[in-house]
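Undergrad: Take a look at the letters that make up each chain.
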Amino acid sequence: MAYFPIPTGSLLALGAILFCIGLYGALTKRNLIIVLVSVELMLNAANINLVVFSRLGLNPGLNGQVFALFTITVAAAEIAVGLALLLAVFRLRKTSDVNDLNENKN
Amino acid sequence: MVAYAWLVPLLPLAAYVFLLVLGRRAPEGVAAGVSVVCSLASFLVSAAVFRAAASQGPVGPYLFHWLTLGSASISFGFEVTRLNALMILVVSLVSTLVLLYSAGYMHGDERFPVFYQYLNLFVFSMLALVLSPNLLQLYIFWEMVGLCSYLLVGFWYFKPEAALAAKKSFIVTRIGDTGLLIGIVLLYWASGSFDYSTVFAAAGAGQWSLGWVSGQELTTLCALLVFLGAVGKSAQFPLHVWLPDAMEGPTPVSALIHAATMVAAGVYLVARCYPLFQASPGALATVAWIGAITALLAALIALTQRDIKRVIAYSTVSQLGYMMLALGVGAYAYGVFHLMTHAFFKALLFLAAGSVIHAVDTQDLFEMGGLYRKLPLTAWTFLAGALALAGVVPFAGFWSKDDILAAALNTGHPVLWGMLLLAAFCTAFYIFRVYFLVFTGAPRQPERWQHAHEGSWVMTLPLLVLAAMATIAGFFNSPLNGDGLEHFLFADSPQHQIGYTAPENVPLMLLSLLVALLGIGLAAAVYWRPRQSQRPERWARAWGPFYTLSYRKFYLDEVYYAALVYTGKGIAAVVDWIDRYVIDALVRVVGRLVYSVSVLLKFSQTGQVQAYSTVAALGVLVLVAWAMLRAGGVH
Amino acid sequence: MGLALWMVLVPVLAAFVCVLVPARQACVQRGLALAGSVITLLLALLAWLRFPGAVQAGGGANPAAAGVPLVSHLPWFTLPGLWQQQDVTVGLSFGLDGLSLTLAGLTALLALLAAAAVRPEEAEMRRFALWSQLAAAGAIAAFTALDVLTFFAGLELSLFAGFFLIDLSGDPQRRAAAVKYLLYRGLASVLLLLALFGIAYGVAGGYSSLQPDANGNLPGAPAFTLAWPALQHNLHGLSTAVFPDHARAVLFWVLLLGILVEEAFVPFHTWLPTAHEHTSAPVSMLLGGVLTKTGAYALLRFGAGLLPDQLQHFATWVAVLGTINILYGAFAAWAQRDWRRLIAFGSISHMGLVLLATAAGNAAGLQGAMFMMVSSGLLTAFLFFLAGAVQARTQTAELGRLGGLSRPLPLLSGFWLVAALGALGLPLTSGFVSEIQSFIGSFHRFPAISFVAALGLILSAVYLLYAIQQTTFGPLRPEYASLADAQARELWPAVVLTAVVLWVGVYPNGLGQVLGQTVQQLLQMGG
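Chains as they are written, first to last, in our numbering: chain A, 816 to 921; chain B, 314 to 948; chain C, 1235 to 1761.
Think of the hints as simulated: they come from the structure by calculation, not from any bench. For each residue, glycine too, the CB sits at the ideal point set by N, CA and C. Do not take every clue at face value.
Okay, the calculated beta carbon distance ranges per label pair [unchecked claim]:
{"id": "1", "chain 1": "C", "residue 1": "W1726", "chain 2": "B", "residue 2": "H378", "range": "29 to 35 Å"}
{"id": "2", "chain 1": "C", "residue 1": "E1713", "chain 2": "B", "residue 2": "H378", "range": "47 to 53 Å"}
{"id": "3", "chain 1": "C", "residue 1": "L1308", "chain 2": "B", "residue 2": "L936", "range": "45 to 51 Å"}
{"id": "4", "chain 1": "C", "residue 1": "Q1758", "chain 2": "B", "residue 2": "G517", "range": "34 to 40 Å"}
{"id": "5", "chain 1": "C", "residue 1": "Q1320", "chain 2": "A", "residue 2": "V881", "range": "44 to 50 Å"}
{"id": "6", "chain 1": "B", "residue 1": "T880", "chain 2": "C", "residue 2": "L1308", "range": "57 to 63 Å"}
{"id": "7", "chain 1": "C", "residue 1": "W1726", "chain 2": "B", "residue 2": "R757", "range": "54 to 60 Å"}
{"id": "8", "chain 1": "C", "residue 1": "V1686", "chain 2": "B", "residue 2": "L774", "range": "51 to 57 Å"}
{"id": "9", "chain 1": "C", "residue 1": "V1484", "chain 2": "A", "residue 2": "V904", "range": "56 to 62 Å"}
{"id": "10", "chain 1": "B", "residue 1": "L899", "chain 2": "C", "residue 2": "L1308", "range": "40 to 46 Å"}
{"id": "11", "chain 1": "A", "residue 1": "L829", "chain 2": "B", "residue 2": "L936", "range": "20 to 26 Å"}
{"id": "12", "chain 1": "C", "residue 1": "T1630", "chain 2": "B", "residue 2": "W525", "range": "45 to 51 Å"}
{"id": "13", "chain 1": "A", "residue 1": "I836", "chain 2": "B", "residue 2": "L899", "range": "52 to 58 Å"}
Heads up, simulated SDA-like pairs for lysine to any residue below, C-alpha to C-alpha not over 25 Å straight-line [stated by the list, open to error]:
{"id": "14", "chain 1": "B", "residue 1": "K915", "chain 2": "C", "residue 2": "R1409"}
{"id": "15", "chain 1": "B", "residue 1": "K882", "chain 2": "C", "residue 2": "L1555"}
{"id": "16", "chain 1": "B", "residue 1": "K882", "chain 2": "C", "residue 2": "R1571"}
{"id": "17", "chain 1": "B", "residue 1": "K915", "chain 2": "A", "residue 2": "N914"}
{"id": "18", "chain 1": "B", "residue 1": "K472", "chain 2": "C", "residue 2": "R1627"}
{"id": "19", "chain 1": "A", "residue 1": "K844", "chain 2": "B", "residue 2": "Y925"}
{"id": "20", "chain 1": "A", "residue 1": "K844", "chain 2": "B", "residue 2": "V928"}
{"id": "21", "chain 1": "B", "residue 1": "K882", "chain 2": "C", "residue 2": "G1708"}
{"id": "22", "chain 1": "B", "residue 1": "K882", "chain 2": "C", "residue 2": "L1636"}
{"id": "23", "chain 1": "B", "residue 1": "K882", "chain 2": "C", "residue 2": "Y1700"}
{"id": "24", "chain 1": "B", "residue 1": "K472", "chain 2": "C", "residue 2": "Y1700"}
{"id": "25", "chain 1": "A", "residue 1": "K844", "chain 2": "B", "residue 2": "A929"}
{"id": "26", "chain 1": "A", "residue 1": "K844", "chain 2": "B", "residue 2": "V935"}
{"id": "27", "chain 1": "B", "residue 1": "K472", "chain 2": "B", "residue 2": "K882"}
{"id": "28", "chain 1": "B", "residue 1": "K472", "chain 2": "C", "residue 2": "D1719"}
Only chain A is shown next, with the shape it has when bound in the complex (with noise of 0.2 Å):
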């Protein structure tokens, strides 16, 4: 089986990319939902951070899959809890409008 080696740069440059595409997400879409799944995008882009490195960077080892699987369960709890404060910010407000939400005004 052929081993074509992806360089390393392409990697990262995809992390990169898809890290520029969440925080985008997350600093201009105006609903929760789609600010929840951009920082879900970032959080991905950390993990292939984390795997490349492990794999191809100077020190290689199996921490950063470790932290990668970290990131995972981290991640899914953190949509738990922030999907779940989504429907009691949307129950008692009646919008997922970030806009609205702006209760430390001033």
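With chain A fixed as given, assemble chains B and C onto it according to the hints.
TA: The following block gives chains B and C in isolation, referenced to the frame of chain A:
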């Protein structure tokens, strides 16, 4: 016996404490009885001390250690000298009589026991003042008598005039007291002690220095500062303005504090510090001139006053001026002699005036008249006091005043002598003006006259005793007694160096007697006969501006008010304004500044998490870019 | 021994118990505050009795407590290798020399009287008891601390407790006043801390330009320490090569600035009248009587005690500042129409004399300054107590709306007169003894300045008697005709204060002997 002199002030103090414990509901009889008994006992001890002091020199044991200042130690106790033996005798005698008199005068006042508390505290303080063996202790009791004066002038505190007068008396004397305090402190540093003997020894030697002032100048400075205290307490020009106002107090207070004892404390102070003054001719000349100016000024003001107590108050100021002048020209013994005789006849005049006021319930001379028929005893005793004050032979004032006049002339002060002679003429005139207006002629307000009657024996007995003293006290230092007082005072100073004395000068005696009689005659011509009742007004019109000037007390109150009170209040207002609108405003500006910055900053708080995270992301970007640039760019 | 330590701990314990007891049991809370203060006061009296013996026995061998008679020490924490590889130990060390003992006793006394002066309707008792006990503990800790850091800790404790006390009750503007107080004194604390640490650093050679030897030690530089007795000992005769003069001068001015703010000296004073005007009388008693004495304490302890050469060098400046305070305070007091502001400005005027007398630097001046601190504390608290008692009846402290109170309130008016006369320096009260000693001291060194300052003697009579005349003298206002005078239960703080004021005034040597011990030490330091 001298060793028991501390009992003299302690007895009135015991009475004070006793009355304080009993409180304001003590029965009148108990309050007055205890006070009079203690004061009388104090007088008897004083008499014994006086007898003993006549045979002994000064004695001054210290009783307890008061305070340590670094390596210096200050002790308190008492001393008995010939001068203060005489003083305690006079003070305790007059006090006893006034305490007795007050039982009648203050009868029925709701704060009767409080009045006696204050009086006892005063008697204690006054006696302790004269027995003090050092300047610091003297100053302490000097202020205490001032406090008592304040309390007693303001005794009828609900009268606004009394409240004002009390405050004025305290503050005006406080000006003098501050000078005295500074003088005492400077003397302490110059001589290393508060004790009279140490201070005077250093002053006599004249070799002292404070670094910034030394020798003769230091002596003069200290003497003048001490004299400033005396000017305040003895109501000398220019600090005399408080004493007439102090007449708002009950009349026994005026008799005891503002005639016989406390106001004489200034004279006592100068007499006690005489070696210091003798070391400075400039200070002595100041004392003499201030005394003469005061004597004349007050006598001129007294000519036209309508309030019986104010006439006598100005008379007191004037007579204190005589005493100061005597000390100033070097006639120590005569100043002290006049202090003694004046204590008797002036207390008498005040108590007699009090008896009149008690009877007719007014102080306006032009609401009285014809009271001789209603108050014969008061009239006779007042007459004795008036003759003594005017200086008619053989009453007490004649001998002492004549001695002072002679001393002024013989020591080469003809101008001062002339001023005093003029003052003597005015004195005779104004006091007989009072006598004729009050006791002779027709009653001006018949309804008041109808109700007038003599007081009980507690009021008449002191009048009689004092009248007797006013009549005979002069013989104490007359040729008939071989000038006994001078010999008593000077027995310890063999070279007679302590002051000027001279044999009587018969032509001068006759001259001053003549002046006194002229004054009395003029008063009689203007105020005696009822058919001449129009004449006082005519006189007043004829003398127009001068009359007004005298009646308005040379406008000194107004001048002081404008110069001191307005200035002080003005500065206070300015300081308060600066405090509120400059200093505190600056503080508020600093506060506002912080606040407005925060107001600006709060607009950045949109409440949108996304906005915050955008800024955070940009921040991260900047940091990363900066780090990359530092690392030398992307390779 | 441990007396000094217990004097700090007892109020802290009392405050702790206050937290445990429910707030609604106001009587218990008040009882706790009273009990805490009484026990502290008894400890102070015990220390007072033991004091002469302890002075005879001399201080301990421990250099950190040299010359301090009654010392108690509790190790707190160690900073390993803080300064040139040496461990620096910070201890909860407290000691009672003459000045500390007197001020700690004064604190306990005033905390007791303030607790007695609280009216049930005036404040929430638990918070008052809690914070007043903590304020007292902080002040006592600051007054008795042997260690600069402990001093600072005490200062901060009293600072925050004072904030909560001012905010506790009074009129609606009290919050603003409390914040003003907190900001000012917080600044002062920072300045004091900077100056004190700077001095400790400087004594150990921190500002020296000398070259360290082979072991890294400066020749002639003592070990780093934060204990002021040791600093005092090390500073005595310390070469200017180790601790240069310019560093000392800068530190002195930082210290002085801190003291000026801490003590509410002009022009850093405006928080004081504001705080007094808007808070309640018992708090004013504590604030005016004790909490504002920490600055003057720092002046004597650290200014005269640690930098006497600088104090002497800049003495004329300090004396002029003091005189400005005397006159400014007196004139401002004259212009006030509210008793509480008047008392506050009067106390500023009094503390100006402390500055002047301390600058004189001789035995009389230093002793006078210490007497003045005690006397001003007593009389300020006394006046605030009376203003509070009258205000509770008339609902006002404005001069223009009072008058003739002698008739309905003879006892209160009588005490008021006593307090005012003490404050204006009448002989046989503590005020006179303080003023005469201060002026004896200042006239020796600064005759011209003292002549000007003596004007304050006249002005104090003017503004106090003016206010008394407006309050107790004069015709009675009809609305006050039926006021009820204070009974013994309410009056006993006034009786106690009168007794103490008269005791100091009639026989000052009792207090003078105790304070004299500190005076002698300060003089040895300077000489």
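Undergrad: The structure should be examined with respect to each hint, and the outcome stated for every one.
TA: Okay, the hints, checked on the actual structure:
no.: 1; hint: C:W1726 / B:H378: 29 to 35 Å; verdict: 31 Å, holds
no.: 2; hint: C:E1713 / B:H378: 47 to 53 Å; verdict: 52 Å, holds
no.: 3; hint: C:L1308 / B:L936: 45 to 51 Å; verdict: 47 Å, holds
no.: 4; hint: C:Q1758 / B:G517: 34 to 40 Å; verdict: 37 Å, holds
no.: 5; hint: C:Q1320 / A:V881: 44 to 50 Å; verdict: 46 Å, holds
no.: 6; hint: B:T880 / C:L1308: 57 to 63 Å; verdict: 58 Å, holds
no.: 7; hint: C:W1726 / B:R757: 54 to 60 Å; verdict: 56 Å, holds
no.: 8; hint: C:V1686 / B:L774: 51 to 57 Å; verdict: 53 Å, holds
no.: 9; hint: C:V1484 / A:V904: 56 to 62 Å; verdict: 58 Å, holds
no.: 10; hint: B:L899 / C:L1308: 40 to 46 Å; verdict: 44 Å, holds
no.: 11; hint: A:L829 / B:L936: 20 to 26 Å; verdict: 23 Å, holds
no.: 12; hint: C:T1630 / B:W525: 45 to 51 Å; verdict: 49 Å, holds
no.: 13; hint: A:I836 / B:L899: 52 to 58 Å; verdict: 55 Å, holds
no.: 14; hint: B:K915 / C:R1409; verdict: 23 Å, holds
no.: 15; hint: B:K882 / C:L1555; verdict: 22 Å, holds
no.: 16; hint: B:K882 / C:R1571; verdict: 13 Å, holds
no.: 17; hint: B:K915 / A:N914; verdict: 18 Å, holds
no.: 18; hint: B:K472 / C:R1627; verdict: 23 Å, holds
no.: 19; hint: A:K844 / B:Y925; verdict: 14 Å, holds
no.: 20; hint: A:K844 / B:V928; verdict: 16 Å, holds
no.: 21; hint: B:K882 / C:G1708; verdict: 21 Å, holds
no.: 22; hint: B:K882 / C:L1636; verdict: 20 Å, holds
no.: 23; hint: B:K882 / C:Y1700; verdict: 12 Å, holds
no.: 24; hint: B:K472 / C:Y1700; verdict: 15 Å, holds
no.: 25; hint: A:K844 / B:A929; verdict: 17 Å, holds
no.: 26; hint: A:K844 / B:V935; verdict: 23 Å, holds
no.: 27; hint: B:K472 / B:K882; verdict: 24 Å, holds
no.: 28; hint: B:K472 / C:D1719; verdict: 21 Å, holds
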